[in-house]
Amino acid sequence: MDLHRVRRIADVLVVSQLRSGRSSSNPRSVLGRSLFLAIVDVIVFLVAFAGADFVVRAGGSAIGPVASLVVSFLPFVPLVGVGAVLVAGVMFELTTTQKFSMSDAVNWLPISPAEYVAASSTAIAYAYSPAVVLLLGLTLPFAIGSGAFLVWGLAAFLAGVSLYEGGFLVEMVRAATQRATSVSVGRRGHATLVLRAVLLIVVILALQLAFNPIFLLDVLQGFSALGLVTAVVPFFWGTEAVLVGRTGNVLAAVGFAAGLSLFSALLFGLAVRLRGRYWVVSASEIRLEPIEYAAGHPALRALGLSTAEAALVSKDLRGLVRRRELLPLLVVPVILIVLVLVEGRSIGLVGAIVWAGWVAGFFALLLAATAVGQERRALQTLFAFPLTPRTIFRAKAIAVLVPSLVSALVLGVTVGVLFGLAPAPLAGLVGLTLVAAAVLTLWGLVFAARFSDFQERPRPQYLRPSAMLAAMGSGMVLLFAIIVPGAIAVEAPFFAVAGPALVTALVAAIAGALALHFARTGFDRLFRELPF
Amino acid sequence: MTGTPLVSGPVPATSAPLVLEVDTVSKSYGSVRALVDARFAVARGQIVGLLGPNGAGKSTCMKAVMGLIRPDAGQIRVLGRDLQDDPVAAKRSLGYVPESPSLYEFLTGAEYLDFVADMYGLDAAARQERIPPFLEGLELAGHENALISGYSQGMRQKVALIAALLHRPRLLVLDEPLNGLDPRSARVVKDLLRSLATRDGVGVLFSTHVLEIAQAICDRVVILSHGRVLASDTVDALRARAGLSGSALEDVFLSLTGTGDLGEVVEALSRAG
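Taken in sequence, the protein lines are chains D and E. Its first residue numbered 1, the first sequence is counted upward by one per residue in the numbering used here. Its first residue numbered 1001, the second sequence is counted upward by one per residue in the numbering used here.
If we strip away everything but chain E, and leave its shape as in the complex, we get (with noise of 0.2 Å):
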């Protein structure tokens, strides 16, 4: 579904400051448009939820943020500058965990921390101040001297996290960040963004394809298809235009992103299995 916008810009609704501003961006690989002219914008102490179909243009949209790949057309800023005049100090106020976070398989949990500390030159005091507290926090203490090619999916998943947080950013990007966690720990890292978001004017775009927890922790929502913005502003607006109300936001997506009926789909599938 391609038509017209219910909403495309890249002002949010709230009065503060930009943290992130993605203008017109787009991306093609080979004959793939994987992004075409994408807007929106990220606040600071927002937490924006980046949704969309498999194959929209989600990651290239976070990969581009992130400055690991280059727009064809397009601008980014970050804070106000723009991420390819600049790359290393945009980088600086940017966490990143991706979809598959790679880790470094043979150091151990504490060592990759060190490490990312390194990267980003906080000294000692700063890592025993920020450092044990994550790891309790994720019930990640006690493991962390052991090599990360021993560690589960989810326990990855939350080294990730820390490394991402652990320079205090001023805007996340994570890549589906609650991806293997149990429900504790989702439910620590969903506390934890909100809270970075409000009292800390964190900004975080935030992709996921559990449609409840982005209805759940986002103040507003960019729904990616095809990779255009098909829609960008809060639940209930989305809702109001689509005119879905009281409707989860999962109608509200299916409606946008045209999937159509899916009994269907549900019925073939039943025959089949």
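Extracted from the complex, chain D is given alone in its bound form (with noise of 0.2 Å):
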């Protein structure tokens, strides 16, 4: 392996994705240079320990409870290493395009898998350590004043060994979903939607739960009573070497340190042969079945569309469930249905009325506020058809309303199901969901047709970023604005209703015209001239 290469490979790696998310960066700028992070790294790791120091100069002697709770800790700072590396690694790996994540660029390369592994290991570890580094630098004033200096060091060493850990296997599971993308390529990519939406909802999951402090302490008392079954997973040998060694174990300590680094090394010769073996997409099949071509979409034609309108629609809708970068989109419902399911009883009829209108309202603004930027490139293949701007605005507000709608109606039947309600109310909840999603898809849209990226990136953001604040905190205050009255509405004896539901209609019809107006106009604007 030739260390030099593989150092300038993972420069390239993380200065790729250090730019990505900047159209207009200066190359010169430290910004977009791989140097920015090791000053990230070096600033939050003073500034964590000024702060962690000033705070144990001014406690005195009562800070020795904190400080030992605080030293405690120390065990589970490798955990967090690889934790933050798996989770971040994969969300990133599942949302990037198929373009970005198949490594063409380096392909052709005489590089070897194993230094290319290396190489991506590095860069991911790199682009993550500050997490590490952040609770080091808290954490070691505390160790010094406890005089567990020397455990502190052996925790920071064995961070440093979880976050490679957690590159190694953010290599793996590309390879994975790699091999998956190769058998599913000529089958419309079907299998590996399912296996991408299946792992994007296990580590949103697993997002909620490492930050929920009531698991975390479940975690940390199991780990006193299960001692012995952390000891023979891998993955807590980082862990136990640090808790032993704050006994005074040396002995213990450096053999689950040593079999941690073993274990890495396992995983990082694992990783290379699935490297190795599936590192580019396989070709597509052939198939030799006569097709019918014809214009389809009925459905969507019997809705009133023309059929160039359902034509785009229809291709809009099958985006939505095939390109793997939109499956975050689309998974975000399906959580917060679930979130609705598990946690609903418990914040009460309006506060679950409010959650079901919010989510409805929301998934509506994400997908009509990246409904354009979707195109990318591909924005010069609708001017060049006959087509008015008017047809495209209705293609694209049906195909964002197709899937809010169902989502909302879902939600609200969801809700009202769950709470018991009468069919007046329960109509009442449903149409509340069914008029947020409507005005916050219209409301997305205006932001769309002005403010749409469409730079091919590695992340593509579809919005610029300062767009989608204005359209995410617009769009926030709209929806309360309409949801409130309307949960209250809902919720209210029959002779009460009246108010809040005027209200809700008046929000909803006077920003809805508003939107539909300025998002017309923005289409027009739009396809006057190519915007790049």
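Honestly, the hints are just simulated from the structure, not real lab data. We treat Cβ as the ideally placed atom computed from N, Cα and C, and that holds for glycine. Be careful, since some hints might not be right.
A short, non-exhaustive set of chain D residues, derived as facing chain E with CB atoms under 7 Å [to be verified]:
#, residue
1, Tyr293
2, Ala294
3, Pro298
4, Arg301
5, Leu303
6, Gly304
7, Thr307
8, Ala311
9, Lys315
10, Arg377
11, Thr381
12, Phe383
13, Ala384
14, Phe385
15, Gln455
16, Pro531
Two chains, two separate frames, one set of hints: put the complex together.
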């Protein structure tokens, strides 16, 4: 393995990540160089250390119990390392486009699988190092004050090993999903989509658990009871090494640390083998059965759409379920509906209605705001067709409304059934979620028509970040203005329904009419001249 | 080189009606003048090659003809109609292959062609009649059910070409249409273009850097440099006017664009290599 080559590839991969989010970044700026992350690491460490040191000095002798609590956290620093890399790395992998995940840019170079895995893992570990560095900076003053500096040093070393361990695991996931893509590429990618959807849901739930204090407390308590079990699970060997190191058992600490290092080496070997085997998507399959070419989409045309409008809507809906980078958008309502089912009753009827309306509207807003940017460079294909801007606007609006209204309907019915609502309030609730989804669809299209981002990036953003913030901020305000009076109306007794319902209707009608006007004029303007 | 044009006018050497008129069109991007008073025309049944060095304004010109960008000045008429007045009607008569076709990669080849057919309102009979022969002829048959994301560059180019021809346009605007095609497919496309022009009277505006291709199939060539039309005529007429009778189009092109003696450049590159 040529270490100089590994370093150069890692450098390029880090720079690629740093610059991918900025369309107009200056390549000479330190913000776009790998040195930037080293500077961030140093600053994060120094600031965290200084802050913790101030607390230690200010606390004097009273800091003892806090210091021992902080030091007792040290065994978990290696776990944070592997967890951060794994969760963030897998999320990154799941949200990048096929084009950028295939590593075609380097596949043609004389690089061995081992060199690529080493470089890519280094880049991943380096990218997520600030999370671990922050913890190390915060804990160091307490460790020094408690005479546990050597334990801290061991935790720091193992955190570094764990970052690589996470990097190797991400490489294995990439190779596995690449394999899944190869298998399913001729079958329109359904298997890949299911695999990615499951992975994404697992990752998001893992994220929720990772930041859930009750769950973490359970884990901490479980560790003392299940010490023997964790000792045989390699992922916990870093934690075990620091735990036994704190008790002064140097031999066991060295044993666990060596075990973790060997386990990481094993993961590296596996990742190299997988990369060597599945480094590129295989050729598509050949089918010889006859194909019927005909104007399709009868269901959409039955809604009154023209052939062209129906084809545009169908194209967008296919993209939504087939494009890997759009999968996170589709998974949002699934996860939020699950959360409504799990926690719905504990937040009360009004809370659940607001939650359902918010989710319905937010999902519609997200889809609509990204609907135009999803075209990316293919926008010029739309330009070349004999279509008016209004045709494209109608098609885009309906392509967003179809999934948005379906999820709004499911949310409304779910909450209604969960709370045993009578038919009239249930209809009111479903109407509320549908109205929220419809108005927010138009609201999102206002921004999509004016501020879409058509750049090809590893992680496409579809809408300029500042516009996304503005869309989300204004959308949230609008949503609550529609939903809160509506929720009150649904729960109110019969004679008190009219007032809040009227407020919801007025806000929705005014905002909807304004959004419709600005979205249509936005499309007229967008389709005057190709924006790139 | 921005000297006096050898020939600069919209009237082609034919009495056939014009399908495209580019009339003193200018376009700037900030301080960069991409097109300056460009004038040329394409007649019915004529293949016109649009040639020029990198950055000469060829793609800008083609985008303007397709209505993808708005000229700052001048007028573009397709089949006698102003493109800006009724772009939708004009686009019904146009077929376009951009320099780098951006296809919807999440569709299969067959789905994409059906989608394009929907855009032009083709009925089922027309699709069934036209799509399979194109797929067979360009050796895409059997691959049409696979996602475009799995296609090679040449296969994508073929899909883009079929999509441009599907609705039987009266003017084809092709930006480097032979990019990535294998020799057989390139030959099929060249012969097809000639046949469409001769038999069906389709006008073709054709951009390429491969001057042998332009020489072989174009009735006229338009040479652009720094956004200006340097010459617009038949290859033979350009040879005569450049005083290079019997020479290849490449020599005429290099002479007109002022590229000069390349010997020193080649020598320097040889030393560097």
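Hints and how they fare:
1. Tyr293: 4 Å, holds
2. Ala294: 4 Å, holds
3. Pro298: Given a least distance of 12 Å, the restraint on D:Pro298 is violated.
4. Arg301: 10 Å, violated
5. Leu303: 15 Å, violated
6. Gly304: D:Gly304 check fails; min Cβ-Cβ to chain E is 16 Å, beyond 7 Å.
7. Thr307: Nearest chain E Cβ about 5 Å off; hint holds.
8. Ala311: 3 Å, holds
9. Lys315: 6 Å, holds
10. Arg377: Where the cut-off is 7 Å and the nearest Cβ of chain E is about 4 Å from D:Arg377, the hint holds.
11. Thr381: 6 Å, holds
12. Phe383: 5 Å, holds
13. Ala384: 5 Å, holds
14. Phe385: 4 Å, holds
15. Gln455: 13 Å, violated
16. Pro531: 10 Å, violated
Checked against the numbered hints above, the structure violates hints 3, 4, 5, 6, 15, 16; every other hint is satisfied.
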